[in-house]
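Following the hints, put chains B, C and D in place on chain A, whose structure we already have.
Here is how the chains run, residue by residue.
There are 4 protein chains.
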Amino acid sequence: MRTSKYIYPDNELYLYVVSQFINKGVTKEKIGAIVYELEHEYLPDLTLEDYTAEVVKVLHKREVLNNIATGLYLDKMADKGLIDAPLQSIIENDAGVYGVDETLATAVANIYGSIGLTNYGFIDKAKIGVVGDLDNKHGVVNTFIDDAVGAIVAAVAGKLAHATAKSDLDTKEAVFD
Amino acid sequence: MRTSKYIYPDNELYLYVVSQFINKGVTKEKIGAIVYELEHEYLPDLTLEDYTAEVVKVLHKREVLNNIATGLYLDKMADKGLIDAPLQSIIENDAGVYGVDETLATAVANIYGSIGLTNYGFIDKAKIGVVGDLDNKHGVVNTFIDDAVGAIVAAVAGKLAHATAKSDLDTKEAVFD
Amino acid sequence: MRTSKYIYPDNELYLYVVSQFINKGVTKEKIGAIVYELEHEYLPDLTLEDYTAEVVKVLHKREVLNNIATGLYLDKMADKGLIDAPLQSIIENDAGVYGVDETLATAVANIYGSIGLTNYGFIDKAKIGVVGDLDNKHGVVNTFIDDAVGAIVAAVAGKLAHATAKSDLDTKEAVFD
Amino acid sequence: MRTSKYIYPDNELYLYVVSQFINKGVTKEKIGAIVYELEHEYLPDLTLEDYTAEVVKVLHKREVLNNIATGLYLDKMADKGLIDAPLQSIIENDAGVYGVDETLATAVANIYGSIGLTNYGFIDKAKIGVVGDLDNKHGVVNTFIDDAVGAIVAAVAGKLAHATAKSDLDTKEAVFD
Numbered sequence: 000m001r002t003s004k005y006i007y008p009d010n011e012l013y014l015y016v017v018s019q020f021i022n023k024g025v026t027k028e029k030i031g032a033i034v035y036e037l038e039h040e041y042l043p044d045l046t047l048e049d050y051t052a053e054v055v056k057v058l059h060k061r062e063v064l065n066n067i068a069t070g071l072y073l074d075k076m077a078d079k080g081l082i083d084a085p086l087q088s089i090i091e092n093d094a095g096v097y098g099v100d101e102t103l104a105t106a107v108a109n110i111y112g113s114i115g116l117t118n119y120g121f122i123d124k125a126k127i128g129v130v131g132d133l134d135n136k137h138g139v140v141n142t143f144i145d146d147a148v149g150a151i152v153a154a155v156a157g158k159l160a161h162a163t164a165k166s167d168l169d170t171k172e173a174v175f176d
Numbered sequence: 000m001r002t003s004k005y006i007y008p009d010n011e012l013y014l015y016v017v018s019q020f021i022n023k024g025v026t027k028e029k030i031g032a033i034v035y036e037l038e039h040e041y042l043p044d045l046t047l048e049d050y051t052a053e054v055v056k057v058l059h060k061r062e063v064l065n066n067i068a069t070g071l072y073l074d075k076m077a078d079k080g081l082i083d084a085p086l087q088s089i090i091e092n093d094a095g096v097y098g099v100d101e102t103l104a105t106a107v108a109n110i111y112g113s114i115g116l117t118n119y120g121f122i123d124k125a126k127i128g129v130v131g132d133l134d135n136k137h138g139v140v141n142t143f144i145d146d147a148v149g150a151i152v153a154a155v156a157g158k159l160a161h162a163t164a165k166s167d168l169d170t171k172e173a174v175f176d
Numbered sequence: 000m001r002t003s004k005y006i007y008p009d010n011e012l013y014l015y016v017v018s019q020f021i022n023k024g025v026t027k028e029k030i031g032a033i034v035y036e037l038e039h040e041y042l043p044d045l046t047l048e049d050y051t052a053e054v055v056k057v058l059h060k061r062e063v064l065n066n067i068a069t070g071l072y073l074d075k076m077a078d079k080g081l082i083d084a085p086l087q088s089i090i091e092n093d094a095g096v097y098g099v100d101e102t103l104a105t106a107v108a109n110i111y112g113s114i115g116l117t118n119y120g121f122i123d124k125a126k127i128g129v130v131g132d133l134d135n136k137h138g139v140v141n142t143f144i145d146d147a148v149g150a151i152v153a154a155v156a157g158k159l160a161h162a163t164a165k166s167d168l169d170t171k172e173a174v175f176d
Numbered sequence: 000m001r002t003s004k005y006i007y008p009d010n011e012l013y014l015y016v017v018s019q020f021i022n023k024g025v026t027k028e029k030i031g032a033i034v035y036e037l038e039h040e041y042l043p044d045l046t047l048e049d050y051t052a053e054v055v056k057v058l059h060k061r062e063v064l065n066n067i068a069t070g071l072y073l074d075k076m077a078d079k080g081l082i083d084a085p086l087q088s089i090i091e092n093d094a095g096v097y098g099v100d101e102t103l104a105t106a107v108a109n110i111y112g113s114i115g116l117t118n119y120g121f122i123d124k125a126k127i128g129v130v131g132d133l134d135n136k137h138g139v140v141n142t143f144i145d146d147a148v149g150a151i152v153a154a155v156a157g158k159l160a161h162a163t164a165k166s167d168l169d170t171k172e173a174v175f176d
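Residue numbers (numbering that gives the first Met the number 0), protein chains in the order written: chain A, 0 to 176; chain B, 0 to 176; chain C, 0 to 176; chain D, 0 to 176.
With the rest of the complex left out, here is chain A (with noise of 0.2 Å):
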């Protein structure tokens, strides 16, 4: 049901997004660092601190905080060994069939377009930066957190990709309306 008196917390879910991270050692210059890895050759002129501040952009879109403090949840209570079994294995093991992650993930990476996507599977695959520190912890649950920084550096990705590219509404001929 569509509820409009419903104050929507953006503010709060952000914090708690934030918040979560934090506990798990991720913060936003280790996720500004993979952007800039994976960017820089393309848009030599933005510095770390650039980077860093987009990410802070993108996690402002309540789209990417609904679905990542989503995942974020599910990992704590893995972590606490509170979810119903079986999920709470499947989880707690990062079973490879279990997909939820990956679709969690690849709704935030969609927001910027499609052309995020082969990003967020890159840094999956290849394990860059604080990805593959998550990915090598033991003792700990890191099922969703791991896609959802991929999902979070894809997004900055395609971002600055539509931002950047040249167009024919930078002349003076543009009629676009």
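FYI, nobody ran anything at the bench for these hints, they're computed from the structure. The reader is advised that the hints may include incorrect statements.
Each pair may be met inside one copy or between any two copies, as identical chains are not told apart.
To be verified - When the alpha-carbon atoms are kept at most 20 Å apart in a straight line, the in silico SDA-like pairs for lysine to any residue are as follows:
1. Lys126 <-> His39
2. Lys124 <-> Ala52
3. Lys27 <-> Val55
4. Lys124 <-> Glu36
5. Lys4 <-> Asn92
6. Lys60 <-> Ile6
7. Lys158 <-> Asp93
8. Lys60 <-> Lys165
9. Lys4 <-> His39
10. Lys126 <-> Glu36
11. Lys4 <-> Ala84
12. Lys4 <-> Ser88
13. Lys165 <-> Pro8
14. Lys56 <-> Asp169
Chains B, C and D alone, transformed into the frame defined by chain A:
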């Protein structure tokens, strides 16, 4: 990580999904009845029993179970008020701009191709059968379960559309290889 | 390959899409009218002109244009009988199990998040307004165009739902950063 | 419209896809070789012939054929310079912000669930095997075909991951129904 020794609990996951459905009054027959309503004009020879049997088959697919079980677990935790703020209030209120329920449902509907997707959307808006019942129930969180039902119906419809389409492979000359 | 020197023809692409729409009798006002029909109960203060203006804004998004232009080109070639066999007959017949039109439409609807998707599905089945007109026209191929219209409506509805949701960011205390 | 009398040309569509692949030097063995490279460490018992046989099986799926045939037709028309402006220049230049090739590929990869998606992204960026060959060829439009190959590999990998996962259904006690 791809942990090849892990034994995937398909059977246990199926039993979990079915038991969560039963707890909310959702039976395979009620899901089959929605498929019947949508598909009977195209496939008049199939009975309600046939449609219900197809629902059970689709619920054997691992990716279907993964997405649905995750959503039903979130509904159950929200029912108990156990989800971290602010996700608890978002899911409890079935906030219209929280799209994770749609994301999980779409992943299910997509398994039989994009043709199932439009059925899912229609069911969701038209609130047919048990989907409408779930939507009207107060005092209980049904944020994910109604989309899950719609997605199963869409998946079955997609599967049947593909299975019953006449094909040039039905003829002797087919050299499909 | 990422060819950074290429000037993306956003403006020209927009003009192409609009001209193809006009050729088939689809105007921005007719698309706006469907949005009005779906959204008026939720957003009673917006006029038909407001909805139409939103349609134009959504048609400024590059990813929206990319998907729609590709589909409209395929419709046009199919109209002329110029598509390679057997794709020509598949598209010409708007075969139900050819899901590429739905795939392109879904990519458009997804740009404003998964909440737009269910609207697209509803429009596609309920054949509202100009979507119904397109569906009933004989002797002309409208396989992609009706889904394109439904997708634009869904995208606008998703955009408006996000834009008009009350948010805790509207209050002074917001520390969203 | 759902035209139930239409005979879907699955066989003819398969032959079209295979012939377009052959024209560009893409054989089932070359696609199988990429799957081998990605999957051999997980599934060491399978031979190159086994992987190639799986490629052929995946190419039997109607939704796979639909998406790939559409993309290969667009490549072919772009090769001849016959696509309407400005789509012709966009596709000819394989512009990075035109995401329709990724959209079609994603639809293919999704058919075996979201787990295939990350493989597709990896192949696309790492340019493995024949995907790299296609990317380096000049004077010919390979905008859709490289994504198509990546998507098929991803689909096969997803299919194999699901098929080879150990399951509690393998045991006697399974009551999956």
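So, going through the hints one by one against the coordinates:
no.: 1; hint: Lys126 <-> His39; in the structure: both (18 Å within a copy, 19 Å between copies)
no.: 2; hint: Lys124 <-> Ala52; in the structure: neither (25 Å within a copy, 25 Å between copies)
no.: 3; hint: Lys27 <-> Val55; in the structure: within (7 Å within a copy, 35 Å between copies)
no.: 4; hint: Lys124 <-> Glu36; in the structure: both (15 Å within a copy, 13 Å between copies)
no.: 5; hint: Lys4 <-> Asn92; in the structure: between (40 Å within a copy, 10 Å between copies)
no.: 6; hint: Lys60 <-> Ile6; in the structure: within (16 Å within a copy, 28 Å between copies)
no.: 7; hint: Lys158 <-> Asp93; in the structure: between (29 Å within a copy, 18 Å between copies)
no.: 8; hint: Lys60 <-> Lys165; in the structure: between (25 Å within a copy, 15 Å between copies)
no.: 9; hint: Lys4 <-> His39; in the structure: between (44 Å within a copy, 16 Å between copies)
no.: 10; hint: Lys126 <-> Glu36; in the structure: both (12 Å within a copy, 18 Å between copies)
no.: 11; hint: Lys4 <-> Ala84; in the structure: between (36 Å within a copy, 18 Å between copies)
no.: 12; hint: Lys4 <-> Ser88; in the structure: between (39 Å within a copy, 13 Å between copies)
no.: 13; hint: Lys165 <-> Pro8; in the structure: between (36 Å within a copy, 9 Å between copies)
no.: 14; hint: Lys56 <-> Asp169; in the structure: between (24 Å within a copy, 17 Å between copies)
Against the hints set out earlier in the document, a violation occurs for number 2 only.
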